[in-house]
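Visitor: Let chain X serve as the given structure and place chain E on it in line with the hints.
Protein chains in written order, with the numbering used here: chain X, 15 to 423; chain E, 827 to 1305.
Please note: incorrect hints may appear among the correct ones.
Stated by the list, open to error - Among the chain E residues that face chain X by a calculated CB cut under 10 angstroms, a handful are:
1) Ala-856
2) Arg-1089
3) Glu-1091
To be verified - Rough simulated footprint, nothing fancy, chain X against chain E, three-plus residues with beta-carbon under 8 angstroms:
4) 862-869
5) 894-900
6) 936-944
Hints listed in this document are in silico derivations from the structure and should not be mistaken for laboratory results.
We put the beta carbon where it would ideally sit given N, CA and C, even for glycine.
One letter stands for each residue in the lines below.
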Amino acid sequence: MDKASERLAWIAASILVGIGAAIVPAVTSHASRPRDEPMSIGPGVGMPGAPPTSSDGLRQRIGDMESRVRAQPHDIGASVLLSDALLRQARATNDGRPANRASDVLQAVLKEQPGQYDALRMLGAIDLSQHRFRNALEIGRRARDLRPEDAWNYGVIGDALIELGEYDEAFEAFDTMMAKRPSAAAYARVAYARELRGNVEEALDTMQMAAEATPPQDPEARAWYAAQLGELYLRIGRLNAADREYRRAAFYFPSYPHAMVGQGKVKATRGDRDGALAIYLEQLKHTPTLDLAARIGDLYAKGGNAVESERYYQLAEDLAGPGSAQTEAHLALFLADHDRKLPEAVKIAEAVAAVRHDIFTEDALAWAYFKVGRLDQAFAASQRALRTGTRDERILSRAARIRAASLHQ
Amino acid sequence: MKKPLALVLVVSMLFGVGMLSGRASSHREAPLISQDPMADNTDLYAFRSPDRPDTVTIIANYIPLESPAGGPNFPAFDDTVLYEINIDNDGDAKEDLSYQFRFHTETRNPDSFLYNTGPISSLSDTAWNRPQTYSVTLVRHRHGSSERSEVLGRNIPTPPDNIGPRSTPNYEALADAAVTSLPGGITVFAGQRDDPFFVDLGSVFDLAGLRPFNPFHAIALPAAPGRDAVARYNTHSIAIQVPIAQLVQAPNTTIGIYASASRQEVRVLRKDGVEDNHGQFVQVSRLGEPLINEAVIPLGQKDLWNRLDPQDDAQFESLYTSPEVSRLENALYGSVLTPITVTGRNDLVAILLTGVPGLNFTGPRKADLLRLNTALAPNPNGACYHPALGLPASTPPSRLGVLDGDLCGFPNGRRLADDVVDIDLRAFAEGYGPILHSVLGLPDKSPNNQLGDGVDANDKPFIAHFPYVPAPHQGYQVP
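Isolated chain X, as found in the complex:
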């Protein structure tokens, strides 16, 4: 949204080009402006003039905008701002339902006004959060064609491409986003690209820039970046720094799921099994995910408690939902990793890999093939999982085992 942050970009725009221009047709008989012309929308949650992205701020913004949308179902500005806040809420609570609601709201706008720019660009972000990467890519490209100067669109396009495993194009999109307008959002994406390419230290530097470029009234984004820094520090074994960043995330946004899980991960890495377990079990009540249940199962297994371990592994499977509904290879990897339902693991991984070939999907596919003894296919997939130069130890160690087995063969 370019310089909408400027105090008056959204304000005086009503004297001027934005909302004012939009309402002129309503109060005079002038011809309506083109549908793809950007309109001025109030500040997004967490921005000057809007509630902060704290729990209360998000609730307040969602409540306010829901009321506006109820009163005026065709209020595009309210619909976009509602979706913006719902997307944040989804991330802050790790609950997908707010994003579903956002998608419905935006679809309703687009049904009335196909191609409405602000709804379209927001829908791209919502589609990403819901794993509809092809849709997001298509929407991002449509929005970019309407407004090639808007850096946001290159973020949507790059995010979609990176999930699909189209890394060269994705990196190019991120670089374009950066060239159009360096920002926290652009830094975070370049940081991720660097991480994928195995440059964790540079990724840390760039993610730090993203954190610093995020304003204090946006504690949710600050928490997100702090948690990302925690992940990166954890990756290179700097546990104190990782712990500090996760705690910082929890300070910015109390009970932030990534912050809580992250603190558990640090404890688990330090060998504090009970401490980690306590955090994971508590967090599981709030954000029940495959990942958390599997971590709990692993900790019980390490402690020799096979019964509890099996309970949580079963829970992990249940939380993942049916194999046919998977858009990611997490379930496949979990099954392969725990020697459960291996033929199904292969089936799921193959189905996901038919849609996307990012390194995480390739890694899961390789591991599933490996576990059922299809070594050639495992090796090929494993090589594809290494193609960005990642230094992700989990991927590297699986690749090493597959390679050793292949050579042995």
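Guide: Then chain E, alone, in the frame of chain X:
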């Protein structure tokens, strides 16, 4: 004994489909925020200092609408942003001087996330966990050859934000201690201040309403006084006072000024395939004349406009000669206003892009710069009325500046008290007032010359000495 299966049921009821992945590193969830308050120019002021008339004071404000009670995370300048005040002193619209400000935040106790752990009684108080200092560098641009940089000061302190009587007692003294003299008679200050801007956002937001003109709006309401929506909000100011002799290039006396914020470009790949850790700075925000980004530049071109330098502004000329604002004024207040010309508005080009001949003209090169004729000396109260008006020297400054014949006000530079919203509303509506009508032959349509948002002054009085902007509102006192 835990009941994971029961939990599954509860969970499915609670969360339904669409549960997000637990993979925290998934960057499809990375924020896509496109607003950037810390690199956002809000206002720019420039005037001959009434109490030190051999100097010019320039104030560049950043970070809009800071809520004083917005803890526990308090706003500050961004260490990763390059803040600049740029000056063109030869009329070619290219900066000849750039005062660069780079900030550095120290975290005294990295394990504490608090802003302060006790009362902050001085700028070196260790209870202040995140003190911020800055450097000032003067870059002299020599077009066609290499530029010359001179560090004017390092480790210059900023004051903390104004939190409350426990954290920041005696705030004025803290802020005063941050006013710093640099070599060459330059004075600087950087830190939180009251936002000196004043405007009725609430009404303007509501379908471009101006409360005093409510009965004449296309959707009529009873007339009402304006309400300052920026009252009780803070901002961050960078203020610099520089001897005039260091700013001008004889024989020119008028300087063109713009402030900017730039962020470093960091790329995944350079063209040669190598990662680039030290990219160039890309300008993400600029401000010369007030309200241009908001009033003149369309939304679809704002990123581009902000990225460009004023020397490239000629391409936007048609937005000034055929202004959207004037069209809107006709559309919404057509029942009362004398019809406004909406094409060929060379008057706006003069005021906003080249300077006004005889006042602050810098040549034919069109650029969005705040132009200040440093030869016009203010009285001790800051005003300087056109001699033909025959007003006594004690006549207070006019909020309408040059429209009232007060040549030391906007659009000849901009003082803190200048009511740029009303001045712009009238200028765009061809309601320049009788003085400019008789002196410059500019149109004086009526009642266009009465337009205004009804907010005529800042909520806090300005102070009589550098940095002139009042102390920030205190979080403890402001809801």
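Visitor: Checking each numbered hint in turn, tell me which of them this model violates, lowest number first.
Guide: Violated: none.
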